[in-house]
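Produce the entire structure from the sequences given, and follow the hints as far as they go.
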Amino acid sequence: MKTGNTLQPNIVLILTDDQGWGDLGYTGNTSISTPNIDRLAREGAIMERFYVQPLCAPTRAEILTGRCFPRTGVHGVTRGQERMNLDEVTVAQVLKTAGYATGCFGKWHNGSAYPYHPNGRGFDEFYGFCCGHWSDYFQSTIERNGEEVVAPGYLPDACTDEAMAFIERNRDRPFFCYLPLNIPHSPFQVPDRYWDRLKDLDLPQRATDAAKEKLSETRAALAMCENIDWNVGRVVGKLNELGLAAQTIVIYLSDNGPNTHRWNGGMRGIKGSIDEGGVRSPCSFTWPGRIAPGTRVGHVAGSIDFLPTLADFAGVKDAKTKPLDGVSLRSLLEGRAEEWPDRAIFAQSINFRYTSMRTARYRACVGGDALYDMVDDFRQTRDLAAERPDEWRRQRGEIERWRTEMLPEGGMRPLRIPVGYREFPTTSLRPEDGDPHGAITWSSIHPNSSFLTNWRDGADSVSWELDVANEGEYDVTLHYTCKPENVGAGIEAVCGAARVGCTVTEAFDPPLRTGEDRSPRDSSYMKPFKTLALGRLRLKAGQQTIELRATKKAGAEMIDVGELRLRLL
Numbered sequence: 330m331k332t333g334n335t336l337q338p339n340i341v342l343i344l345t346d347d348q349g350w351g352d353l354g355y356t357g358n359t360s361i362s363t364p365n366i367d368r369l370a371r372e373g374a375i376m377e378r379f380y381v382q383p384l385c386a387p388t389r390a391e392i393l394t395g396r397c398f399p400r401t402g403v404h405g406v407t408r409g410q411e412r413m414n415l416d417e418v419t420v421a422q423v424l425k426t427a428g429y430a431t432g433c434f435g436k437w438h439n440g441s442a443y444p445y446h447p448n449g450r451g452f453d454e455f456y457g458f459c460c461g462h463w464s465d466y467f468q469s470t471i472e473r474n475g476e477e478v479v480a481p482g483y484l485p486d487a488c489t490d491e492a493m494a495f496i497e498r499n500r501d502r503p504f505f506c507y508l509p510l511n512i513p514h515s516p517f518q519v520p521d522r523y524w525d526r527l528k529d530l531d532l533p534q535r536a537t538d539a540a541k542e543k544l545s546e547t548r549a550a551l552a553m554c555e556n557i558d559w560n561v562g563r564v565v566g567k568l569n570e571l572g573l574a575a576q577t578i579v580i581y582l583s584d585n586g587p588n589t590h591r592w593n594g595g596m597r598g599i600k601g602s603i604d605e606g607g608v609r610s611p612c613s614f615t616w617p618g619r620i621a622p623g624t625r626v627g628h629v630a631g632s633i634d635f636l637p638t639l640a641d642f643a644g645v646k647d648a649k650t651k652p653l654d655g656v657s658l659r660s661l662l663e664g665r666a667e668e669w670p671d672r673a674i675f676a677q678s679i680n681f682r683y684t685s686m687r688t689a690r691y692r693a694c695v696g697g698d699a700l701y702d703m704v705d706d707f708r709q710t711r712d713l714a715a716e717r718p719d720e721w722r723r724q725r726g727e728i729e730r731w732r733t734e735m736l737p738e739g740g741m742r743p744l745r746i747p748v749g750y751r752e753f754p755t756t757s758l759r760p761e762d763g764d765p766h767g768a769i770t771w772s773s774i775h776p777n778s779s780f781l782t783n784w785r786d787g788a789d790s791v792s793w794e795l796d797v798a799n800e801g802e803y804d805v806t807l808h809y810t811c812k813p814e815n816v817g818a819g820i821e822a823v824c825g826a827a828r829v830g831c832t833v834t835e836a837f838d839p840p841l842r843t844g845e846d847r848s849p850r851d852s853s854y855m856k857p858f859k860t861l862a863l864g865r866l867r868l869k870a871g872q873q874t875i876e877l878r879a880t881k882k883a884g885a886e887m888i889d890v891g892e893l894r895l896r897l898l
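With the sequence shown counted from 1, adding 329 to any position gets you the working numbering.
Ranges between beta-carbon positions, derived for each pair:
| hint | residue 1 | residue 2 | range |
| --- | --- | --- | --- |
| 1 | Arg-722 | Arg-535 | 33 to 39 Å |
| 2 | Thr-843 | Glu-570 | 37 to 43 Å |
| 3 | Asp-764 | Arg-828 | 15 to 21 Å |
| 4 | Glu-800 | Thr-860 | 24 to 30 Å |
| 5 | Glu-570 | Thr-860 | 40 to 46 Å |
| 6 | Gly-767 | Glu-835 | 23 to 29 Å |
| 7 | Arg-730 | Thr-880 | 55 to 61 Å |
| 8 | Ala-673 | Asn-569 | 35 to 41 Å |
| 9 | Ala-539 | Gly-819 | 53 to 59 Å |
| 10 | Arg-722 | Asp-764 | 41 to 47 Å |
| 11 | Pro-652 | Arg-535 | 41 to 47 Å |
| 12 | Ile-774 | Glu-734 | 30 to 36 Å |
In the EDC-like style, the derived pairs of lysine to aspartate or glutamate whose C-alpha atoms are separated by at most 16 Å in a straight line are:
| hint | residue 1 | residue 2 |
| --- | --- | --- |
| 13 | Lys-881 | Asp-789 |
| 14 | Lys-856 | Asp-846 |
| 15 | Lys-567 | Asp-486 |
In case anyone wonders, no lab produced these hints; they're calculated from the structure. From the three backbone atoms N, C-alpha and C, an ideal C-beta is built for every residue, glycine too.
Below is the structure:
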């Protein structure tokens with residue numbers, strides 16, 4: 330791989346989770362204080378028409394690969410559907426090959442088991458969690474490069490601490506610091522210093538669909554955004570302290586529209602919607618001395634443009650990627666583009682039922698068929714499909730061609746969990762990736778960040794579909810809770826003819842972790858789990874099924890399951 334720049338800039342990419350376009354001061358929100366993010370935007374380039382996907386994992390896949398998410402294998406947000414195909418090349422791999430130190434600090438959400446894990450996708454360092462949803466943001470149990478750790482204090486603060494430490498360690502070489510903060514995604518947990526300012530604040534700006542707005546959620550989300558701003562200020566302060574600001578591009582954006590009904594500039598749609606409000610993201614690029622302060626880019630751009638743009642800034646001339654859908658925005662950001670063709674950015678629901686296409690003037694929607702003139706009607710109140718039939722046919726045709734190209738690669742497919750890589754020997758078989766049988770169920774309506782419960786029948790079980798890389802002996806460890814009256818339950822793990830098990834001899838029944846939410850949640854609370862060594866199990870290479878079964882029922886219930894962990898010896 331060749332590089333054409335004598336100076337390879339450092340890159341800090343800050344991605345927030347479920348923050349709407351309207352959740353910032355510089356976009357017009359009068360209830361929130363975001364001076365650090367606002368200053369970044371003023372001192373660099375604001376992308377005025379920047380688009381992402383309606384949900385987390387698809388956007389993240391596009392950022393990482395420069396390709397429309399259906400091409401990457403991502404077609405959902407849980408149960409393996411969030412994984413990128415292993416032949417995809419990420420921006421971290423491109424930059425690492427070009428000599429960059431690479432680190433990811435926060436929420437990953439593109440696969441948890443190695444080699445889908447960040448450490449298998451080009452990141453030297455990872456601190457955070459891989460799941461799409463996390464239940465607790467205080468004293469959170471997360472991971473560092475595959476090893477379990479407890480994050481001190483508030484999770485976004487801890488991730489920012491780690492990002493700043495990474496920057497300091499790599500101050501003498503180019504670095505790519507990816508900081509995907511996990512807020513304002515629910516649960517609505519935020520420290521008092523932010524909540525106290527907003528908890529009773531009158532909110533003059535209301536949601537587009539005001540009847541659906543829950544003010545406690547809005548206040549909590551805005552408080553979380555103020556914490557983001559504080560952490561952004563800390564990162565920028567660290568760059569200044571180390572004398573790195575002039576050598577560093579800082580990028581800021583969100584992964585989709587707001588996760589609740591709240592003020593979003595009057596746009597239609599929230600997270601999950603292919604309308605403007607569901608996919609328009611705040612986005613700024615700041616590089617002192619290279620990107621002029623006050624730059625405003627009005628051209629349509631999107632998450633698919635990050636890999637080519639960052640590779641261009643890094644001077645990478647022949648990145649060995651798959652064919653890209655995105656383009657480099659460098660000439661726009663540097664004010665050198667005299668002409669820029671109109672282009673289309675597509676938004677796709679994960680069930681492939683709804684697709685929209687955004688151009689400079691129009692948003693066309695297939696599924697809920699409609700055509701909107703976004704120049705005259707950014708609120709999408711007037712469907713023009715019948716009034717402008719020629720334009721509607723042309724736009725619909727473009728969408729159908731795109732869908733035809735994408736659908737074969739985006740179809741649902743069963744995915745096995747990779748196990749047994751010597752460079753990453755431990756694999757956690759998590760509830761969201763398993764198949765509960767009988768009455769066993771997830772503790773939450775969302776499989777992500779849940780546990781398996783309601784194991785009342787000894788005939789019920791849980792299974793995981795595996796793809797074992799190396800035959801060998803594996804330590805099998807169960808993470809469980811058990812009420813005192815159910816002690817004596819027998820549990821075994823079975824894979825083909827091999828089995829290993831033991832009796833639960835110790836009760837462990839901690840309460841759920843509650844009391845930190847600022848607004849009620851629709852997902853379950855979590856709790857600590859105790860580890861129980863089941864023993865060693867020999868797994869053959871290839872496709873296997875491992876099943877957790879009951880061998881003895883001692884009380885009315887068996888156990889709750891946090892995860893089953895396998896470690897190649």
